[in-house]
Every structure is written in structure tokens, then in C-alpha cells.
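**Q** Listed below are the residues making up each chain.
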Amino acid sequence: MGFASKSPWVIHYDASSCNGCDIEVLAALCPGYDVERFGIINTGNPKHADIFLVTGSVNEQNIRVVQEIYNQMLEPKVVVACGCCACTGGVFHDSYNVLGGVDQAIPVDVYAPGCAVRPEAIIDAVVEGLAVLEQKSEALQQQRKGA
Amino acid sequence: MSQHTVIPFGPQHPVLPEPLHLDLVVDDERVIEAVPQIGFIHRGLERMTQTHDYNQFIYIAERICGICAFGHSLGYAETIESLLGVEIPPRAEYLRVILHELSRMHSHILWLGLAADAFGHEALFMHCWRLRERILDVFEATTGGRVILSAVIVGGMVRDQDAAMLQMIKDTIVGIKDEYGQLVNTFVNDSSIRSRLDGIGYISKEDAMRYGMVGPFARASNVNNDVRCLGKGGYGKLSTFDPIMDTSGDCFGRAKVRALEVLQSADIIEEMIDTIPGGEVAIPVKHAPEPGAQACNTLEQPRGECYYYALSNGTKYLERMRMRTPTSVNLAGMAMALKGCDLADVNMIVLTIDPCISCTER
Numbered sequence: 001m002g003f004a005s006k007s008p009w010v011i012h013y014d015a016s017s018c019n020g021c022d023i024e025v026l027a028a029l030c031p032g033y034d035v036e037r038f039g040i041i042n043t044g045n046p047k048h049a050d051i052f053l054v055t056g057s058v059n060e061q062n063i064r065v066v067q068e069i070y071n072q073m074l075e076p077k078v079v080v081a082c083g084c085c086a087c088t089g090g091v092f093h094d095s096y097n098v099l100g101g102v103d104q105a106i107p108v109d110v111y112a113p114g115c116a117v118r119p120e121a122i123i124d125a126v127v128e129g130l131a132v133l134e135q136k137s138e139a140l141q142q143q144r145k146g147a
Numbered sequence: 001m002s003q004h005t006v007i008p009f010g011p012q013h014p015v016l017p018e019p020l021h022l023d024l025v026v027d028d029e030r031v032i033e034a035v036p037q038i039g040f041i042h043r044g045l046e047r048m049t050q051t052h053d054y055n056q057f058i059y060i061a062e063r064i065c066g067i068c069a070f071g072h073s074l075g076y077a078e079t080i081e082s083l084l085g086v087e088i089p090p091r092a093e094y095l096r097v098i099l100h101e102l103s104r105m106h107s108h109i110l111w112l113g114l115a116a117d118a119f120g121h122e123a124l125f126m127h128c129w130r131l132r133e134r135i136l137d138v139f140e141a142t143t144g145g146r147v148i149l150s151a152v153i154v155g156g157m158v159r160d161q162d163a164a165m166l167q168m169i170k171d172t173i174v175g176i177k178d179e180y181g182q183l184v185n186t187f188v189n190d191s192s193i194r195s196r197l198d199g200i201g202y203i204s205k206e207d208a209m210r211y212g213m214v215g216p217f218a219r220a221s222n223v224n225n226d227v228r229c230l231g232k233g234g235y236g237k238l239s240t241f242d243p244i245m246d247t248s249g250d251c252f253g254r255a256k257v258r259a260l261e262v263l264q265s266a267d268i269i270e271e272m273i274d275t276i277p278g279g280e281v282a283i284p285v286k287h288a289p290e291p292g293a294q295a296c297n298t299l300e301q302p303r304g305e306c307y308y309y310a311l312s313n314g315t316k317y318l319e320r321m322r323m324r325t326p327t328s329v330n331l332a333g334m335a336m337a338l339k340g341c342d343l344a345d346v347n348m349i350v351l352t353i354d355p356c357i358s359c360t361e362r
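First to last, the sequence lines map onto chains A and B. Residues 1 to 147 in our numbering are what the first sequence lists, from first letter to last. Residues 1 to 362 in our numbering are what the second sequence lists, from first letter to last.
One or more hints might be untrue.
[Said to hold, decoys possible] A few chain A residues that face chain B, going by a derived Cβ cut-off under 10 Å, partial list only:
#, residue
1, 20
2, 30
3, 59
4, 61
The hints are simulated quantities; they were obtained by calculation from the structure and are not laboratory data. Ideal Cβ positions, reconstructed from N, Cα and C, are used throughout, including at glycine.
Input sequences plus hints: build the corresponding full structure.
**A** Laid out in C-alpha cells, this is it:
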């Protein structure tokens, strides 16, 4: 394992979730599941974050915010869509103000299903995301050597 | 002459799990004005009542907000029941109150944790959330879900809880009360917490009345608008009910009201479990409401009074559904409380109304 996937920091943004997934993201970090013991910390600054946890679907108003946070994150970065709404739009998929899943706005690497997504599913998805982070980090290093 | 600066706060901000945008007009360190802007998580739920029938919509009503999920499904079900003229079995009323008070406990403990995080007490935040997990375990054992419970249907409850399960709820509550007492002690008596909360974001009783504030936010300013006092449903069966009030009107008062309401909810649950009657928990409801029938309902959510209105068009699909959620009322009071505060206190004041933006925008 390289340095990037040891203790990734996460950033969380609520696109248009009902809070159910948001509090489960926080619950995964808190004592019940306690991923903080592995050094996974929730940060408020996109420039410090390696993994972007998005909950909820995107709409016209927040699509720019999601893209802005994604653009401010430094490479390598991984996006995890947490919950059914973030994956596809969920129960709100046919609502007039919902554009669809987060993949309408930014490239998503891992999809975590569930309504609300369970902390176990988030942890699984983040572990899955670490492998992607590792790949991206290696590709970035190769690119730098080649240049 | 001083120059005003505008500082954007949110929509992505570490103190709030939800997107709320504030334009803070500051003069040096002092906030002159706060202009809230919402609209980031509007999903159009009221419109969805027209494309989903009343039995389907109850699952969507639950997803208005993930923290007060049970409350919204309960409020919606009660509205539809009064629209249809259905009377539910008494055991279902008791079970509803038990689960609703459990979700109030979980919501308030969650809030106390977030508040602790906002004033920089990381350990207290973790302790609150550790305690909250035990309530979520009760939800998981009784209904199968951790935050979205799907326990209410129009006409009663999805499933009954047997005596062993009710005893388990009671044992958990007694266990939590013991540990929770220590957390309350820290919140109410610790001098470092008092120095962060005392006198911050003061709202007088007159202002609270004028801005029509609801829930613990108003009760901390000594305005009693606890809808549970009306004794609707299972609340009418309680031997006594006295809302928790405070006269201080500041951030400390709001934290104290919420901290004590958890203990009050625990007492309500214990009394309900002791006196629960037997019998059915649901009656089948299939008929459509009369055309043009209207129904309204109020319910005390963890954040305050929530108002529901439904208008029928004679089919199983509603013509119009309207909800007035507590946060949308309290936002006006929050904008007022922010005037003249220090920039460092903004996150504390925003948090003490317990904003639930996804309720507000739906």
C-alpha cells in the first residue's frame, strides 16, 4: 500500500439528501463504528480531503456546489456516492427538481446502496475506494516520471 | 467610518451536515446582518402526493427528513386518518408514542453532540453519539431500520411489539438514563461550556412570540407551545405532562431544554410501556376520501410544532398536501438572533435552532 491509502481524509457534502444518509456518514465516524481509529477524519476543507462522500441527488441549485468541491480537491481523489439518492435519484428520481444521481455532475468511483445507507455499507465503499485511490496515485506517479 | 464586509457561510460548512447558505454582513468581528438563502435540497415532495397514492406516499413522507423520519410518517398518517375518518386501535397509538419519543431522544442527543462539536468539545460529541447508537439499536431490533423506520401505515402500525421487546426497550431506556445523567451534568454545570453558551443569541419572550417561534427554541424563551399538551393520540393517556421551559432565552437555555427533554421522553416511554393495552395494532384502510374533504393536523416534532394540511379530490391521490415545518418558522428567529453577535458565535447560534433544512425545503 502506498502513502495515499493509509489514512484518507474524507469530506462530506449533502447534495439533496434527507439527512438519513448524512447522519449515517457521521455515525460511521463516531464511536459506534469508529473509523476514526484508522485515522480517517472528516474535514471541512476540500483541499485536505482524499475521499468525497456525497449523499443525495443533484439539482440545478447544488450541481455547481458539488462540482466546485470536486474541482477544489487535489489529485488523486475518489468519489463515493452514499445512498440510493446519490446513486440514481432514489425515490425522488421522477421529481421535477431532481436531475438524477451524483454521476450526472461528477465522475463517481464507488456506489454505496441503501436507504438510508448503513454505516457498514459506507465503510465497505470507502475500503473499495482505497484501492481506486491507490491505482490513481500510481498512475499519477507514472505520469510524473514520464514527463 | 467602518467598512462592511460580506462573509459567505455555507452551503458546505463543517458545523452543519446540511447545506444552508448565510451571507454574514460583518463590521470588524460583529455581525450586522445575516441573510439566509435556501433551495439547495428542494425535491418537490408536496407535488409527489399527486403522483403517489396515500399508502405509497407514507414511505416518501418518512424521507422528508432522516432525523425526524418517524415523526413525519406519523404526522402524515394522522392527517390521512382524519381525512378518511378512521379511528386507529389504542395499542397502535401507544406504540406510535413510544417510537416517536424514542426518535425525539435520538434527535436531541444527536443535536447535543453536534452542539458540543460546535463549541469545540470533541469528547462530549463522541460520548453523545456513542449513547445515541443504543437508541438506534432499539430501532433496529424493533423495526429493522436504523434511521428510516417504515413502521407506520395508514390505520395503525406495520407490526406489533411483544412483551419481551417492550421490556427490552424499557431496560435500554433505564440504562441510557443513568449514563445520560452524567452528560447532562457536564452540559449544565461545566464552566467552560457555560462560558461559551451563556447570554449568546438572546431572544426575549416578546420577540419569540412576535416571530412565532416553535419548539425548544421558543420554550427556552419561556413560550409554551408544546403541541403534546393538547393530548392528541397516545399523549392524552399520560397521567401528567408538563412541558420543559426556561427563562434564559440564550444558547444555554436551548441546550438545557433539549437536554432535559430527553429525560422527559424517557419517562413518557416508561409510562407508556407500563400502561399499554392489548389488541390489534392496525385496521385495514382501503377506501378513498370524500371529494373536497380537508384535514389538518399538528404534531410536536423534535424541532417543534409541525403542521400538516391535506385536500382530497375523491381519489386515493391527494389534490394538495402542505406541511409547515418547525425550521422554516424558526429561521426568522435565527436571523434575528444573529444580529449583533460575534463572528465566532455564528455557528453556535445557527445550531441552537436545530436547523433541519431538508424538512424546510422538502
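**Q** How about residue 59 (chain A): closest beta carbon in chain B under 10 Å, or not?
**A** holds, 7 Å
**Q** Does the nearest C-beta of chain B fall within a distance shorter than 10 Å of the C-beta of residue 30 (chain A)?
**A** holds, 4 Å
**Q** Next item in the hint list is residue 61 (chain A). Is there a CB on chain B closer than 10 Å to its CB?
**A** Cβ of residue 61 (chain A) sits 5 Å from chain B, so the hint holds.
**Q** Is the shortest C-beta separation between residue 20 (chain A) and chain B less than 10 Å?
**A** holds, 3 Å
The structure shown violates none of the earlier numbered hints.
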